Amino acid sequence: MLLNGESLTLECKRAKSEVPKSVWETYSAFANTIGGVILLGIEENRKETDITKRFQIVGVDDAQKIVNDFWNTINSDKVNENILGSRDVNIVDINDKQVVSIHVPQADWRIKPIYLNGNVYKGTYRRNHEGDYHCTERQVRAMIRDSFEDGNDGVLLEHYDMNDIDIDTLHRYRTLFQYRNDGHVWNEVDDKTFLKNLGGYIIDRATGKEGLTMAGLMMFGKGLSVQERFANFRMDYLDFCNLIGDERYSDRLTYDGRWENNLYQFFSRVIPKVTADLPRPFRMEGIQRVDDTPQHKAVREAFTNAIIHSDLLMDAGILRVEKHDDKLCFRNPGLLKLPVEMIYEGGNSKARNPRIQNMLRMIGYGENVGSGFPTIISAWKEARWSEPELKNRIEVDEVELVLPIPIKRNEDANDTLNDTINDTINDTINDSVRATYTIIRLNPGIRRKSISDMSGKSIAAIGRHIAILMKEGLIEHRDSKKSGGYYAK
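The opening position of the sequence shown corresponds to residue 1303 in my numbering, with each subsequent residue numbered one higher.
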């Protein structure tokens, strides 16, 4: 540990004859971050650049006394919770010197924050690579929110009612709900009752007050209502693929007044964009081609996870999806509630937004509670792509999931349909036009807007691709200009 130096998970202190007062700040910081080890009896020379010489093992004078004093203090009112067990504090003999080793695990999300001296706002610390730092009130409030067993999205939003719901969004959802849940009794009820059943609308029995919950407004609300109540929260999609010259991005979806910026519309609009370029190996079930692959399902799972784990009340929180030539990135505000190793193992999940989670689950997204990340890992292994990376970005209070995607996707996919397309299209036509042709071939009768949505390219760009393909005689437009679509010849 010493050869790696002090870090996010290691703190060294000299501590000759007593427990240093700063130990308690580090205890709080480790517990509120990702855990760590405190070593007492180690002296650090911060001016020394050679890491092998930077730390000197000086030992403590009376290790047992220090250990006893430590236990006496941690079991007093110095800290609000003692999260250590007997095995977490040890005396280690090194070169005839005694070092006290204190292992501090990450605290369970239900008991955070861990704080000092009975004052949650002045006594709460977190850890970064520079050491322990005093948490802001905003960070403390976020930990307190995360400690609620029932999540945050069921809170009644006073003065927000059905007038704040975008009915078109809700009815789109209900259409898909009915398709996925044919014969369900909820299909027969009115919109307000339907929302109540989903957890999007609530009546407080104690006060008689009623209105939308956070989940109801965020999922189906009108854009202005969402902006008014959650001015701190933003949704953003950026496509950085195939940039030319000084282009900053090739496509973007953010709040611009042209769509109702609720979570369901954002999800529905972005999913086709992030999955459009994933390889679809040729596979048949009976006489029907099956285009849905484990990788497509994994991307939907990643997007769903980003939504249900977002801290919607965080200041300047951004739910951000990025598409790059070689990867997809999903970022959500709020740190991981569980240790990273537990998430990799699967079987554990505690969404910040359980009602939104249920809303998405009822239409087929995020169905396997607690197995989302292992599902993603498995899909990427099956495709023999680089392993996804889950990052707890403590310095900016956000989680990022990076899904690497090989640039030469068609070669890796061994897609026989692409072989046919390559034989059909001459070598002078670029990859973007080929992608448009592929979409048309797989979706006979498709219109420009749908091609744009699926490819992530602008309608103007799709228009240029179509002109090239029609000039080459590869596609044709059938039926009327209003109702017709494009077909591969």
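One or more hints might be untrue.
Here are the computed lysine-lysine pairs in the PhoX-like style, where the Cα-Cα straight-line distance is at most 25 Å [to be verified]:
hint, residue 1, residue 2
1, Lys1575, Lys1511
2, Lys1315, Lys1355
3, Lys1599, Lys1751
4, Lys1318, Lys1355
Just so you know, the hints here were simulated from the structure itself, not pulled from any lab data.
Since this is a predicted model, take the numbers as computed values, not measurements.
Hint by hint, here is what the structure shows:
A threshold of 25 Å between alpha carbons decides the hint, and for lysine 1575 with lysine 1511 the separation of about 41 Å lies outside it, so the pair is violated. Pair hint lysine 1315 plus lysine 1355 holds up; C-alpha atoms about 16 Å apart against a cutoff of 25 Å. Annotation: proposed proximity of lysine 1599 to lysine 1751 holds, straight-line Cα distance about 24 Å (limit 25 Å). Proximity of lysine 1318 to lysine 1355 is assessed by CA-CA distance (about 20 Å); at most 25 Å being required, the pair is judged to hold.
The structure is inconsistent with hint 1 alone, although it conforms to all the rest.
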